[in-house]
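*Asks:* Chain by chain, the residues run as shown.
Number of protein chains: 2
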Amino acid sequence: MSEINAKLTEEQILEVERQLAIYSQGVKEIIPNEELEAKITKSVVENRPLKIKLGLDPSAPDVHLGHTVVLNKMRQFQENGHIIQLIIGDFTGKIGDPTGKSVARKQLTDDEVKHNAETYFEQFAKVIDMEKVELHYNSKWLSQLNFEDVIQLAGKITVARLLERDDFEERMAFRKPISLHEFFYPLMQGYDSVVLESDIELGGSDQHFNILMGRHFQEKFGKEKQVALLMPLLEGLDGVEKMSKSKKNYIGIDESPQEMYGKSMSIPDELMSKYFELITDFTPDKIKSIKADLEKSVLHPRDAKMLLAKTIVRMYHGINEAEKAENHFVTVFQKGTMPDEIPVVIWEGDKEISILDLLVDLKLLSSKSEARRMIENRGIKINGNKVEDPQLQVSITDELIVQVGKRKFVKIEMK
Amino acid sequence: MSEINAKLTEEQILEVERQLAIYSQGVKEIIPNEELEAKITKSVVENRPLKIKLGLDPSAPDVHLGHTVVLNKMRQFQENGHIIQLIIGDFTGKIGDPTGKSVARKQLTDDEVKHNAETYFEQFAKVIDMEKVELHYNSKWLSQLNFEDVIQLAGKITVARLLERDDFEERMAFRKPISLHEFFYPLMQGYDSVVLESDIELGGSDQHFNILMGRHFQEKFGKEKQVALLMPLLEGLDGVEKMSKSKKNYIGIDESPQEMYGKSMSIPDELMSKYFELITDFTPDKIKSIKADLEKSVLHPRDAKMLLAKTIVRMYHGINEAEKAENHFVTVFQKGTMPDEIPVVIWEGDKEISILDLLVDLKLLSSKSEARRMIENRGIKINGNKVEDPQLQVSITDELIVQVGKRKFVKIEMK
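Heads up: the sequence lines are chains A and B, in that order. If you want the numbering used here, it's the position in the first sequence, counting the first as 1, plus 474. If you want the numbering used here, it's the position in the second sequence, counting the first as 1, plus 474.
I should point out that these hints are in silico values taken from the structure, not numbers from a laboratory. Please note that the accuracy of each hint is not assured.
Just so you know, same-sequence chains aren't split out, so a pair can sit in one copy or run between any two.
Said to hold, decoys possible - Listed next, the in silico PhoX-like pairs over lysine-lysine satisfying Cα-Cα at most 20 Å (straight line):
1. Lys760 / Lys580
2. Lys762 / Lys650
3. Lys630 / Lys568
4. Lys568 / Lys889
5. Lys760 / Lys748
6. Lys855 / Lys716
7. Lys630 / Lys580
8. Lys606 / Lys889
9. Lys650 / Lys630
10. Lys580 / Lys889
11. Lys779 / Lys860
12. Lys525 / Lys513
13. Lys525 / Lys697
14. Lys481 / Lys513
15. Lys748 / Lys513
16. Lys525 / Lys614
If we strip away everything but chain A, and leave its shape as in the complex, we get (with noise of 0.2 Å):
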């Protein structure tokens, strides 16, 4: 470093330290620390854009605010002039899980990889500028390989490192098996740093293993070793888990404006913070005086979390839709009285019908089962009216407003 520091003019040396602040904004580890800085260094001398390499499961192509922490670093970097590499993983996606035991790894036809890859890039189109990505799908190399050369790449590890892996040790301790093709997820990934030569890698702080698996095999196949860029993992909604699909505690960056600021308004108050520095384009002096605010009670925390509720949707949608978001949620749940844009819908069935199905008809709930729970929640309202009996007949009239829970409104018309 010291060698390198030495040839650095003054304005050098303030470009490496103003993108090291920036990169370091939020982070939860770098490993390891002097690479990054040495890599921006010499990235700013000989004037070389870094490779910035985020691998994606072609599995699960819905984006929420969970993946935003890393897509919001990733921005950060292209802002700063450096290369994106997004690695769809599409040769796991399409191998599937050979045991046949993991609903979670089903195997994908070429035309799911593909759409599946397109669902994510109209997605991050709106953080990162998609025209200025590196596009690679790893089946293009991993596909190559033969037996002979994934010998060649197995005596590169061992398997007790593989075994350190959490998840791993954990299984073996409990044993619970494993089965051996499971190892060859993480030699993938780190080939695929190999082949990129990407200098860093972003991803979750539970990427922790896989992503130090790209510097294992950088250096074995003699190419510099890729720093490690891990983000927190986001608590979703409930507070407690990392925010997933699965858990259902998240919001999704393709919600509607409305459903959007509904849903951060019930992020809990002891997230607040870490939501406005890890999913929000505000600057750190920004973050840091809300922050101060809201310790001295300047700012009450309701308004902070409509700060953020808003900053969320006009990231996502714009100004003029977070303020329409505001108002809604301003008139329907702090006035208590129900918007002024209800969706409509053309009714087109019998003037006769179950309330169950007319739920499910309006496509307010996918099924019965779940309409008629909803019900004994005394979640459902008609004109204002709570509903108690699942077995209602409704008789359908126009300007009927059918209710869901606090938020969900449909107003029927006649055809």
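Model the placement of chain B on the given structure of chain A, informed by the hints.
*Replies:* Chain B only, in chain A's frame:
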């Protein structure tokens, strides 16, 4: 079983019992016993030969009596009309050791593999009928596997199961590294059995784990499982360690009749029965009567050993050579005189030479330090007189006889 047995004729039952008795003789373990009986029964009823597999490592083609334990068992199957499948493990041989650590597993060229295989076959021809053997090189199918195939294969076995192999278990316990590629050698051996649909795999008892891999993978691929037939390991001339080239305690089946006979006479008394049982072509009845005679002291152990030695030479060189070797042994070692035929070296070197240089020049010993040790151990004679001084200068004359140990002689003739 009972269902098949119900249909058997008396004659068929006797045939199954006859074969079972032969194949079980001298065996250490049959896994599982009842499946061997079922296989033989099916073979007798359907008049269909069984496929008997033996895998060969192409890196060490010198065959010694230790190998013939398995070869003799193969011969028994062959004599009863079954098909021998010899698999040259050339795929592994051509890959070598990717970590570069194992000297034993150096990378072999196609030519080396072919040459080593032919060396095997020439030697095997002394025990089995090579014309009736099915020859396979496993690179034929293993080199065709791609990464996806390998993952499908790896998905059929757990890490815990592989770690059960004694040497892996021990290395894990002592925190010695196991490179991931090593897990693939048992997988390959197992997959070979899938491809070849082997009925029985033969091997030494140290192949227990690897041969069971064949059963495991055949089952996973929906094939009939092979039976493992494990032979005892033959201790070498030291009476302790498994016979092997590296331990120098072996009798090679390509050695000269005299060398073979002489070495056989140094087999420890307590191993004689085992040798009769495992490496001769004597019937169980004959072996039983030899054992009885030894116990009753009707047969002197020296005479039993001479019978063993003569039998071994007869099996690999024919009866005439066996008788000559016996006569030679009696003349030199029992009557204490020198043999009739001593190899002659025409001397072209100096007329004065140190004893150490002489022994090395005559290729009686491979280094001067070895020669010095032999003199210190009083193992060198010139014209029947023990050499006691390692500094001795020898004057070369016609008809000088140099003797190393009990059995090596060279007669020097002046040019």
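*Asks:* Give a verdict on every hint.
*Replies:* Quick rundown of the hints versus the structure:
1. For the homomeric pair lysine 760 and lysine 580, neither the shortest alpha-carbon distance inside one copy (44 Å) nor that between copies (63 Å) is at most 20 Å.
2. Neither within a single protomer nor between protomers do lysine 762 and lysine 650 lie at most 20 Å apart by alpha-carbon distance, with minima of 46 Å and 51 Å respectively.
3. When the C-alpha separation of lysine 630 and lysine 568 is checked against a cutoff of 20 Å, the pair qualifies only between copies, where the shortest distance is 18 Å, while the shortest distance within a copy is 25 Å.
4. In this assembly of identical chains, lysine 568 and lysine 889 lie within 20 Å of each other by CA distance neither inside one copy nor across copies; the values are 47 Å within and 77 Å between.
5. For a Cα distance limit of 20 Å, the shortest separation of lysine 760 from lysine 748 inside one copy, 13 Å, qualifies, whereas the shortest one across copies, 87 Å, does not.
6. Within a single copy, lysine 855 and lysine 716 get their C-alpha atoms no closer than 32 Å, and across copies no closer than 85 Å, so neither meets the 20 Å cut-off.
7. For the homomeric pair lysine 630 and lysine 580, the shortest alpha-carbon distance between copies (17 Å) is at most 20 Å, but the shortest distance inside one copy (29 Å) is not.
8. In this homomeric assembly, lysine 606 and lysine 889 never come within 20 Å of each other (Cα to Cα): the closest approach is 48 Å inside a single copy and 86 Å across copies.
9. Proximity of lysine 650 to lysine 630 under the C-alpha cut-off of 20 Å is restricted to the inter-copy arrangement: shortest distance 15 Å between copies versus 26 Å within a copy.
10. For a Cα distance limit of 20 Å, the shortest separation of lysine 580 from lysine 889 qualifies neither inside one copy, at 43 Å, nor across copies, at 82 Å.
11. Taking identical chains as interchangeable, the C-alpha atoms of lysine 779 and lysine 860 are never at most 20 Å apart, the minima being 29 Å within one chain and 103 Å between chains.
12. When the C-alpha separation of lysine 525 and lysine 513 is checked against a cutoff of 20 Å, the pair qualifies only within one copy, where the shortest distance is 10 Å, while the shortest distance between copies is 61 Å.
13. With identical chains, the CA atoms of lysine 525 and lysine 697 are at most 20 Å apart within one copy only, with a shortest distance of 14 Å there and 49 Å across copies.
14. When the C-alpha separation of lysine 481 and lysine 513 is checked against a cutoff of 20 Å, the pair qualifies only within one copy, where the shortest distance is 15 Å, while the shortest distance between copies is 79 Å.
15. Taking CA atoms no more than 20 Å apart as the test, lysine 748 paired with lysine 513 passes in neither setting, with 28 Å inside one copy and 68 Å between copies.
16. For a Cα distance limit of 20 Å, the shortest separation of lysine 525 from lysine 614 inside one copy, 19 Å, qualifies, whereas the shortest one across copies, 41 Å, does not.
Violated hints for the displayed structure, listed by number in ascending order: 1, 2, 4, 6, 8, 10, 11 and 15.
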